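Number of protein chains: 2
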Amino acid sequence: MNLNDFLIPTQDICRRPGPFDRVVLTSRVRLARNLQELPFPGRANKQERQQLLQTVKPVIETMPVMKEGFSEEIAKLTDLDRQILVERHLISRELAKKTQGAAMVLSVDETFCVMINEEDHLRMQAILPGLQIKEAWKAIDKLDTMVETKLPIAFSSQFGYLTACPTNVGTGIRVSAMLHLPGLVIAEHMQQTITAVNKLGLAVRGLYGEGTEALGNVFQISNQMTLGESELEIIERLNKVVLQVIENEENARAKLLETKPEMLFNQIGRAYGILTNSHIISSKEAKNLLSLLRLGLDLGYFPDVDPAVVDELFIVTEPAHIQYEAKNKDGEALKKTPEERDIRRASLLRESLEKMPGPVMDASGSPKD
Amino acid sequence: MNLNDFLIPTQDICRRPGPFDRVVLTSRVRLARNLQELPFPGRANKQERQQLLQTVKPVIETMPVMKEGFSEEIAKLTDLDRQILVERHLISRELAKKTQGAAMVLSVDETFCVMINEEDHLRMQAILPGLQIKEAWKAIDKLDTMVETKLPIAFSSQFGYLTACPTNVGTGIRVSAMLHLPGLVIAEHMQQTITAVNKLGLAVRGLYGEGTEALGNVFQISNQMTLGESELEIIERLNKVVLQVIENEENARAKLLETKPEMLFNQIGRAYGILTNSHIISSKEAKNLLSLLRLGLDLGYFPDVDPAVVDELFIVTEPAHIQYEAKNKDGEALKKTPEERDIRRASLLRESLEKMPGPVMDASGSPKD
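So the sequence lines, in the order shown, correspond to chains X and D. Residue 180 in our numbering sits at position 180 of the first sequence; the count goes up by one each step and never skips. Numbering-wise, our numbering comes out as the position in the second sequence, counting from 1, plus 369.
Simulated from the structure, these hints should not be mistaken for laboratory data. Some hints here could point you the wrong way.
[Unchecked claim] Each computed DSS-like pair below joins lysine-lysine, with the alpha-carbon atoms no more than 27 Å apart:
(1) X:Lys287 - X:Lys97
(2) X:Lys260 - D:Lys705
(3) D:Lys724 - X:Lys355
(4) X:Lys284 - D:Lys705
(5) D:Lys624 - D:Lys609
(6) X:Lys260 - D:Lys609
(7) X:Lys327 - D:Lys629
(8) X:Lys260 - D:Lys624
(9) D:Lys609 - X:Lys329
Since the model is a prediction, treat every value here as computed from it, not as a measurement.
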């Protein structure tokens, strides 16, 4: 099956509601698991990786949640498909680079995705919209329990689950929430927030995880430790911290509206003006401006606009999505240069926002009727 | 009479046509003259300056071209009025600062303005729209001839007209044209143009003359030398150079359209987007963006827009004009802080351009029908 026929249309993905979805984009729980007696993927040779794949893939494919899912070896996907999956946060950038013995199995609702032969033999994740860390944990825990009845998972009574990297040993769990924090960034409270969150043993990262920039004011908060705490303790702590960050973000927005409304209008208005009128725009600039547009929507300055329209633009203006759109619409050649993509991205943004009226605001800081 | 009741409304000023007015805003010829036996203004004491004023002012006022003109001592004008006159390029920044014995006489059509006790006893200028250097020269020469029959002008058979600063001695003439050169700036040919013009003995200066920035891509070209050449030779040379610069500017625009249309659209589109959506904007940024809007108009991207609307915004977004508008419209207090003016300026721009549709252009570089 063609990947793009399988994937949920971006507008539908962006319309799935979730708790606290003014601030929280998605919640994710990922478990790292390895099979006993077999070398970790980084040490395994080609044959060993292939053997593991043959053992594991059919098991995952037959899990009830994976019914009618999408299962494929990475080597059999095109470069563009791999990039599309990365841009949708379904697989990691690391997996996308692995061409030997690596595979992915994705559920039809895109809640579950299992990566095979990434850093570990198995990386199983559940992703849900909004703040649903506990729900994501329950979902992946259930899958994990079923998988463990079928496969001999490496577990030590002393260390817990064994993983390729010692930072994952123990529970093998990575819990994360993706947050949109334009208020804290504009109010210049983000550094302070990061420091506070770090002190609680949690990491704050950019849009694409470890070592990436916080494009579009999107930050990932995740646990650092996997050892010495139960899964539920880790989840409880992360949930509590995320709720606090949400409150801080909402307070920052309210304070900005009260004390610096013009500064806020100016940033939101200019973002709208540039997005609707540029003819060359980078992915980075587009994300940062779309973040301001989304903030304007949250504050009520675009009364009749569906937030999903703006959220969808975050995804479809990514490089691979731009290439895909150009190919589908005009049959254009796949390999676009970054300069060509910047022109295409600007034209897509102008067309998509053409019918979206400008922000309406009065000097009091309230949205105009 | 109130200055603002006297001044020609900005929209009318901007509707006066002139030759080559796609590029040339105005042409100006200024003559420096001094009376015999009296100290130059910089050396004169208060009484001497006052005495000169009493002698000269009535003579200028009774010149035929000054019929129903505006004649006033600088000390009797408000700070705001003086700034308004500077922003309209009718008096110099130096005259605006002189409170003792300084005066101005302005003709009803604003073509003629005589400054009394600026650096010289008399500085008489004629300003015309577009490229009309020769016409401006004829106009001011006629006035000068009449003035010389009424006042004992200092003239040496060896040096010519005597002036306070030796750089003006001889003809006492300063001929200048104000040019809008966005094409040369965007194509990065401006430095080269300045060097070439300098080599021909002419100066290139910013929007407000000597030592000022070229805000809004507006440059003044003027003669440096006043000695050893006749007025007509100076004028001929300047006219020839300006015609060459106009040609270079038009070529630069055509070349940009041909080779980098997206870059050009991108700059013009973004300028429009920001001007119509900002809530805080400095005078400098506004001018630079309005320059791009005017370029877009010249290139046909705003088919139904009157260029006078954009040209007027160049003037009315200047600081004193913003204060004056706020005072007139809302009775707001005169002293606005720069921050308050930046907010007011943004709101004026949004309102003025509200009904102006965005640029229409297709990928070929041609304006869309």
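**Message:** Just to be careful, I want the Cα atoms of X:Lys284 and D:Lys705 compared with a cutoff of 27 Å; is the pair within it?
**Reply:** Answer violated: X:Lys284 to D:Lys705 is near 37 Å, above 27 Å.
**Message:** D:Lys609 and X:Lys329 were given as a pair; does the straight-line alpha-carbon distance stay at or below 27 Å?
**Reply:** 53 Å, violated
**Message:** Hinted pair, alpha-carbon criterion (27 Å max): D:Lys624, D:Lys609. Please report holds or violated.
**Reply:** OK: D:Lys624 and D:Lys609 at ~23 Å, within 27 Å.
**Request:** Below or equal to 27 Å on CA atoms is what counts here, so check X:Lys327 against D:Lys629.
**Result:** OK: X:Lys327 and D:Lys629 at ~24 Å, within 27 Å.
**Request:** Sort out whether D:Lys609 lies within 27 Å of X:Lys260, counting only the CA atoms.
**Result:** This hinted pair is violated, its Cα atoms lying about 53 Å apart.
**Asked** Given the hinted pair X:Lys287 and X:Lys97, is their alpha-carbon gap at most 27 Å?
**Response** With Cα atoms ~24 Å apart, X:Lys287 and X:Lys97 stay inside 27 Å; holds.
**Asked** Given the hint that D:Lys724 pairs with X:Lys355, does the C-alpha gap stay at or below 27 Å?
**Response** 16 Å, holds
**Item:** Pair hint X:Lys260 and D:Lys705, alpha-carbon separation not exceeding 27 Å
**Value:** The given pair, whose Cα atoms are some 18 Å apart, holds under the 27 Å limit.
**Request:** For the pair supplied as a hint, X:Lys260 and D:Lys624, confirm whether the alpha-carbon distance does not exceed 27 Å.
**Result:** Measuring from Cα to Cα gives roughly 44 Å; hence the hint is violated.
Comparing the model with each earlier hint shows violations of hints 4, 6, 8, 9; every other hint is respected.
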